[in-house]
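Participant: In case you want the letters, here they are:
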Amino acid sequence: MKFSYSLLKQLVPSIKNKEHLAEILSLYIFEVDGVVGDTLDVKVLPNRYSDAASHLGLAREIAAALGTRVNLGTTSTSSVNKAKKFEKARGELGLIVKAEDKNCHRYMARYFEIDKMNETPDWMKKVLMDCGMRPINAFVDIMNYVMLEVGQPMHAFDADKLEGINVRRAKNNEKIITLDGDAYELGEGDLIIADGEYPLAIAGIKGGKRAEVTNGTKRIIVESANFDYVSVYKTSKKLKLVTDASSRFAHNLSPALAEEGLLRATDLLVEICGARVGNIADIYHKKIKPVVIKYSGEKLYQLTGLKISDAKALGFLKTLGFEIKGKNIKAPVRRTDIERFEDLVDEIVRLNGYNNLPATPPHAALRPTEHDAEVLFKNKLRSILQGLGYSESYNYSFVSKKELDMIGGKFFGEAMVLENPISADFEYLRSNLAIGLLKNTEANFRFYDTVRMFEIGHVFNQNDGQPINENLKLGIILGSKKKHPILELKGIIDILLERLGLTDYAFEDLNMQIDFLYPKESLRIESDHHVLGYVGMVQKNIASNIAIGEIDLAHLLKLVEEEKEYEPIPKYPSVERDISLIVGQSVRVGDILRFIQGVAPKIIYDVDLIDYYEDNSKMNVNEKSLTFRIVFQADDRTLTDVEVGHQMEKIIGMLKEQFNAEIR
Amino acid sequence: MDLNSLRENAINEIKNIKDAKSLEDLRVKYVGRKGELTMFLRSLKDMTLEEKRTIGPLAQTTRETIELALNQKLEALKEKVQGMGAVDITRPGERVSLGHLHPLTIIENEIKSIFAELNFSVVEGPEVESEHYNFDALNIPKNHPARDMWDTFWLKINQRELPITNYQLPNKEKKDGKLLMRTHTSPMQIRYMETHNPPFQIIVPGRVFRFEAIDASHEINFHQVEGLMVGKDVNLANFKYIITEFFKKFFNKNTEVRFRPSYFPFVEPGLEVDVKLGDKWLEVMGAGMVHPKVFDAVKYNPKDIQGFAFGLGLERMAMIKYKIPDIRMFYENDMRFLKQF
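So the protein lines, in turn, are chains A and B. Quick note on the numbering used here: the first sequence kicks off at 1 and runs consecutively. Quick note on the numbering used here: the second sequence kicks off at 1001 and runs consecutively.
Wrong hints could be hidden among the right ones.
Simulated crosslink set (DSSO-like; lysine-lysine; CA at most 27 Å straight-line) [to be verified]:
| hint | chain 1 | residue 1 | chain 2 | residue 2 |
| --- | --- | --- | --- | --- |
| 1 | B | K1249 | A | K43 |
| 2 | A | K307 | A | K325 |
| 3 | B | K1293 | A | K287 |
| 4 | B | K1293 | A | K483 |
| 5 | A | K234 | B | K1249 |
| 6 | A | K330 | B | K1303 |
| 7 | B | K1339 | A | K490 |
| 8 | B | K1232 | B | K1280 |
| 9 | A | K234 | B | K1293 |
| 10 | B | K1280 | A | K18 |
| 11 | A | K330 | B | K1293 |
| 12 | A | K378 | B | K1112 |
| 13 | A | K378 | B | K1249 |
| 14 | A | K287 | B | K1249 |
| 15 | B | K1293 | A | K299 |
| 16 | B | K1303 | A | K325 |
| 17 | A | K402 | B | K1156 |
| 18 | A | K299 | B | K1156 |
| 19 | A | K294 | B | K1293 |
| 20 | B | K1303 | A | K240 |
| 21 | A | K327 | A | K299 |
| 22 | B | K1339 | A | K238 |
| 23 | A | K380 | B | K1339 |
| 24 | B | K1321 | A | K16 |
| 25 | B | K1299 | A | K307 |
| 26 | A | K289 | A | K98 |
| 27 | B | K1249 | A | K171 |
| 28 | B | K1156 | A | K237 |
| 29 | A | K286 | B | K1178 |
| 30 | B | K1280 | A | K43 |
| 31 | A | K238 | B | K1142 |
| 32 | A | K102 | A | K18 |
| 33 | A | K299 | B | K1249 |
| 34 | B | K1112 | A | K558 |
| 35 | B | K1339 | A | K237 |
| 36 | A | K234 | B | K1178 |
| 37 | A | K98 | A | K16 |
Keep in mind that the hints were calculated from the coordinates and are not lab data.
My request is simple: use the sequences and hints to build the entire structure.
Facilitator: Listed below in structure tokens is the structure:
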């Protein structure tokens, strides 16, 4: 919000200069966004619009921070304002003012007659311009100026263009054309100012064209009202019409401001335009009661650790206009933010200066920390993957429909959609990490032949009638222009799972609908009869040379936690035997491994492929040579050569039979 | 033949040897069982005691010298065969490809470890939230302009009877509450307090979302670390101490920290924290004493319990620490950027 330095300086003469003022504001009151010329851009806090979103209000704060008083001087309201108030007032024109709707907390209006609209004085023009407003004519300028000075939005109607005033709800589809010439269609939730028949203004938001004040206007009604902040906020949001007035009203102004504003406007109309002053109408539906709070220095100390004398603490409150009666503190009615003791504490601590608050180590029982298991698990994953040469990426949580369709497949579930996306590129919540990682890899392919990346993040999906899923996933990708990447990535997943302490898992045929993968070179990762994830080659029409995998981390964590158990060191020695065979190209290593293991699961401890060889010049085309290492071990005895030999014979026999293998 | 010329001959011959086989022959010639030096040493037994005393030690050193030369030559030949010794060891070491953690992870880890040292536990929460946790329970009511401080992404579906897996929603939310992308990590204050009793101190790192136009300093998703310390007499002076210590550890021990008044609906008093880097004050944190209405929302008795809460932005911390000019760089995942961390 923009403020005029010269007006503030006039109100608080002990301000030294702009830098001084900016520092005082930042340290004790509100942050200053910038100072340009005589304009200060001040971040008025959202709970302080009622009392401090005005030059007078801000001056009160500055004076309190400097330990001085506001110099009211020319701004104080004079004796013409001692006019009587009426519940339903009749002005000289027999004007009837009503406010039917209770969302109008207070409606004040005053009738004026003017012979000639004079020029706005230069001092007022300067303040308006400092605050980013354009001077228009004396009526409008005075209304705007009062808002800047007092904080109360004001409005002037041409009294000859309306018949009576009523504040009511709009009818459905009722239309209004604003001062700017824009047409709005209103509904039953919207509060308006109307005369007998038609809308004159959208209450608290914008005046209408119909009763606009022009240079020829001779009789005006000045409105100074207070509307329910929720009502103004809702209408302003709905119409997408945010004005100076609407944003002030939406921040819960005090109805007390209406009176201050009207009196000040009266003064200025008399002073500048020589106005003749009529009666005041004041309909006050929701009278506010001042808040009274008990002060306790002990409680202040308990909450803040600040030791300060009651006299000093209450002194700060007094300079802000609080009334002190013993320990009872009565807040000024304009302070709609003050509700409880903690609110007083805020005032005292900040005016005393946060610099003067002690910094004390807390006293707390020493208990061990309890980090979420997921936090530690993610750290471990990251450090393993980093060690394996994979770099971490952070992608957006939002993706496009096009990207989701490209990845495709039931496996990822149905992606959830935003009601208000920022653009079509970010319309859905990501249901997988693959979209982002694929993009990263292709982008990095411009500079690198090999790209190794991973991401750990939340993905979201929903299946018909099922609960919404928010899951923690690991995505890992290997792009290589130099070699076929799938086996390295598969190996990386092996190492990762082993390092995490998971031994009971298996790669199985994919058998899942994941459209962007090439099914022949893709596998699912299974453990304990659950699908943990997948690893596979990306279809060529989507991207070349890229292998990718995703793992459900919440599930993995559960498995790892359950599985972490000591395994006894074998008492008896193991026996290793290697076996080399030639098999047809179509025979799959995974099948052979599983098969050998199955021959004697009790004593075959491990089977590994230790050599893989395809060479068309030496062997028949469509053949491959494989060497397996079989580790035999028993829990209860040392295995004899005879026993192992017997098993080997059995294995060889069955391999010949099952896979048509030639043993070398 | 005298020992000196024997030694010189042997050394010269060793020098000219080109392969291991000839070197072995030479070894036999001099120090083999019938080698020249061996024979000489054997002849010592026929000498007088006087001669033995003078020639003996000389013969011994000659033998050692020749054997050393033979061994050195053998090593040299071996190196030649194995291609060793050809490396210019002063060349730069080869780069093994290592992975890099994302700068935001690195910053998050630093923050976590500082707070862990201060006995704070690290917990996390969901990114899809309900209106209740993100706003209502934090004293940010519906249709309140304070909500405008958080531009929100809303989800299209209403919650109806569907819970979110892993994350519980309050009963009334299951019927009519709207779901949103959490706009801050503060909902975890509520979730944690609902399920734990004070005293405790936690930090909550996590991803948050804002409906904003993307530019050099705004992103639609970014990361925060929330902090919450609650107990019988955890006060604002304690906050000042903890946070000053934190920033001194995070930046350096001479870092100046300053506290200013501010406003967030879920704290009172509310404040902001700046650190001075170079000659500039930079805003780095929002904070305050937990508002009694927030304690009401989690059914704590505000008369018995008090505490402070704070929040800081990871991207902002990383941008300050590494002098990164544009927030979008964190989400481009350009390896030329990531490799620097």
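Participant: For each hint, tell me whether it holds in the structure or not.
Facilitator: Consistency of the hints with the structure:
1. Straight-line distance between C-alpha atoms of B/K1249 and A/K43 comes to about 30 Å, which puts the hinted pair past the 27 Å bound.
2. Annotation: proposed proximity of A/K307 to A/K325 holds, straight-line Cα distance about 22 Å (limit 27 Å).
3. Proximity of B/K1293 to A/K287 is assessed by CA-CA distance (about 25 Å); at most 27 Å being required, the pair is judged to hold.
4. Taking the CA atoms of B/K1293 and A/K483, the gap is near 61 Å; set against the 27 Å cutoff, the hint is violated.
5. Simply put, A/K234 and B/K1249 have alpha-carbon atoms about 46 Å apart, too far for the 27 Å limit, and the pair is violated.
6. For the suggested pair A/K330 and B/K1303, the alpha carbons sit about 22 Å apart, so the restraint of at most 27 Å is met.
7. Between the alpha carbons of B/K1339 and A/K490 the distance comes to roughly 24 Å, so the proposed pair stays at or under 27 Å and holds.
8. The suggested pairing of B/K1232 with B/K1280 is violated, with an alpha-carbon distance near 37 Å, which exceeds 27 Å.
9. Between A/K234 and B/K1293 the alpha-carbon distance is near 24 Å, which keeps this suggested pair within the 27 Å criterion.
10. Distance check on the hinted pair: B/K1280 and A/K18 sit about 18 Å apart at the alpha-carbon level, within 27 Å; holds.
11. Under the criterion of a C-alpha separation no larger than 27 Å, the hint pairing A/K330 with B/K1293 is consistent with the structure, at around 22 Å.
12. This hinted pair checks out: A/K378 and B/K1112 have alpha carbons roughly 13 Å apart, not beyond 27 Å.
13. About 24 Å separates the Cα atoms of A/K378 and B/K1249, which keeps this hinted pair within 27 Å; it holds.
14. In summary, the hint linking A/K287 to B/K1249 is not supported, as the alpha carbons are separated by about 53 Å, beyond the 27 Å threshold.
15. Restraint check for B/K1293 and A/K299: satisfied, since their Cα atoms lie roughly 17 Å apart, inside the 27 Å limit.
16. Pair hint B/K1303 plus A/K325 holds up; C-alpha atoms about 25 Å apart against a cutoff of 27 Å.
17. The hinted pair formed by A/K402 and B/K1156 meets the criterion: a straight-line CA distance of about 18 Å does not exceed 27 Å.
18. Straight-line distance between C-alpha atoms of A/K299 and B/K1156 comes to about 46 Å, which puts the hinted pair past the 27 Å bound.
19. In summary, the hint linking A/K294 to B/K1293 is supported, as the alpha carbons are separated by about 19 Å, within the 27 Å threshold.
20. Of the pairs offered as hints, the one joining B/K1303 and A/K240 is violated, with about 42 Å between alpha carbons and a cut-off of 27 Å exceeded.
21. Proposed proximity of A/K327 and A/K299 is supported: the alpha carbons are some 13 Å apart, at most 27 Å.
22. Using a Cα cut-off of 27 Å, the hinted pair B/K1339 and A/K238 is violated, with the two alpha carbons roughly 48 Å apart.
23. About 20 Å separates the Cα atoms of A/K380 and B/K1339, which keeps this hinted pair within 27 Å; it holds.
24. Between B/K1321 and A/K16, the direct Cα distance comes to roughly 35 Å. Violation of the 27 Å bound is thereby established for this hinted pair.
25. The straight-line distance between the Cα atoms of B/K1299 and A/K307 is roughly 30 Å, outside the 27 Å bound, and the hint therefore fails.
26. Taken as a hint, the A/K289 and A/K98 pair is honoured in the structure, with Cα atoms around 23 Å apart against an allowance of 27 Å.
27. The straight-line distance between the Cα atoms of B/K1249 and A/K171 is roughly 62 Å, outside the 27 Å bound, and the hint therefore fails.
28. Taken as a hint, the B/K1156 and A/K237 pair is honoured in the structure, with Cα atoms around 19 Å apart against an allowance of 27 Å.
29. Between A/K286 and B/K1178, the direct Cα distance comes to roughly 32 Å. Violation of the 27 Å bound is thereby established for this hinted pair.
30. With a CA separation close to 19 Å, the supplied pair B/K1280 and A/K43 stays within the 27 Å bound.
31. Taking the CA atoms of A/K238 and B/K1142, the gap is near 14 Å; set against the 27 Å cutoff, the hint holds.
32. With a C-alpha separation of about 44 Å, the suggested pair A/K102 and A/K18 falls outside the 27 Å cut-off, and the hint is violated.
33. Between A/K299 and B/K1249 the CA atoms are separated by roughly 32 Å; this puts the pair beyond 27 Å, and the hint is violated.
34. Between B/K1112 and A/K558 the alpha-carbon distance is near 23 Å, which keeps this suggested pair within the 27 Å criterion.
35. Only pairs whose Cα atoms come within 27 Å are accepted, and B/K1339 paired with A/K237 is rejected, the gap being roughly 45 Å.
36. Using a Cα cut-off of 27 Å, the hinted pair A/K234 and B/K1178 holds, with the two alpha carbons roughly 17 Å apart.
37. Among the hinted pairs, A/K98 with A/K16 is inconsistent with the structure: their alpha-carbon atoms are about 48 Å apart, more than 27 Å.
Consistency note: the structure conflicts with the earlier hints numbered 1, 4, 5, 8, 14, 18, 20, 22, 24, 25, 27, 29, 32, 33, 35 and 37.
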